[in-house]
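Enquirer: Based on these hints, arrange chain D on the given structure of chain V.
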Amino acid sequence: MSVDLIFFLALAIVAVGAALGLLFSRNAVYAALFLVLNFITVAVYYLLLNAPFLAMAQVTVYAGAIMVLFLFVIMLLGTKKLKTRGEHLWQRRLAIGLGVILFAEIAALFLAKGQNVLMVGDIGSKFGSPEGIGIELFTQYLLPFEITSILLLVGMIGAIVLTKDD
Amino acid sequence: MIPISYYIILSALLFTIGAVCVLIRRNAIIIFMGIELMLNAANLAFVAFANQHQVLSGQIFVFFVMTVAAAEVAIGLALIVTIFRSKQSIDVDQISSLKG
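Line by line, the protein sequences are chains V and D.
When we follow this note's numbering, the leftmost residue of the first sequence carries the number 1, and every step to the right adds one.
When we follow this note's numbering, the leftmost residue of the second sequence carries the number 1001, and every step to the right adds one.
It is possible that part of the hints are untrue.
To be verified - Calculated pairs, DSSO-like style, for lysine-lysine (alpha carbon to alpha carbon, straight line, at most 30 Å):
1) V:K164 x D:K1087
2) V:K164 x D:K1099
3) D:K1099 x D:K1087
Derived from the structure by calculation, the hints contain no laboratory data.
One chain only, chain V, in its complex shape:
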């Protein structure tokens, strides 16, 4: 077993463990922190996959900004009041069964199509760097990039209007 593979599997255990922690934790704050751990492990996978810019964006935007917003709202609403009644047992069984079917479907589709699987290796250092992403973003994807600014503006106005006291 190569070093890469051992590293991959160790990270995979952390990522899946954190996701399961999110699924089963009773406390909303713990769930949010498990999700932060999951986002950080996925950022490390981005580094392995030659996407350093996205890895940093993942840490700052997802693990930073988005999860701070989540924690802020959990604290705002009060963790005591967020306690909900336990799940129905049949719902849980049905959901886990559906989840297993979903996973089997994805895996079967991929294994049926992906016979000629290539290896993921090292590409040039330019690939996925801020420079490479920037050139691609501001030449080929300039219009979608500009549209995201409108999307963010609408999101900001929407959040302010929805939570405004009146």
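Expert: Only chain D this time, still in chain V's reference frame:
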């Protein structure tokens, strides 16, 4: 050198856990976190395929998904805060005023 199939299987696993989280949890905030987990799993698959085909478009798409996720979280949490103000609860089973 790791086969891309490993990344896809990991992505599928994370997506499935996110979907199950949306199905079984009752707390609206944790359901929302499950959606974030699914978006993240899809992003991992995008980056893995971008690496396999050596095309940057996959990574650019992840960038756009992150933007949409940020806007979605801002709006979604605002909605949850508004619902909490009127119902004093974010249990999705109790939000059934529109039930026919």
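Enquirer: All hints are to be evaluated individually against the structure, with a verdict given for each.
Expert: Going down the list of hints, with the structure as the test:
Among the hinted pairs, V:K164 with D:K1087 is consistent with the structure: their alpha-carbon atoms are about 17 Å apart, no more than 30 Å. With a CA separation close to 27 Å, the supplied pair V:K164 and D:K1099 stays within the 30 Å bound. Proximity of D:K1099 to D:K1087 is assessed by CA-CA distance (about 15 Å); at most 30 Å being required, the pair is judged to hold.
The structure shown violates none of the earlier numbered hints.
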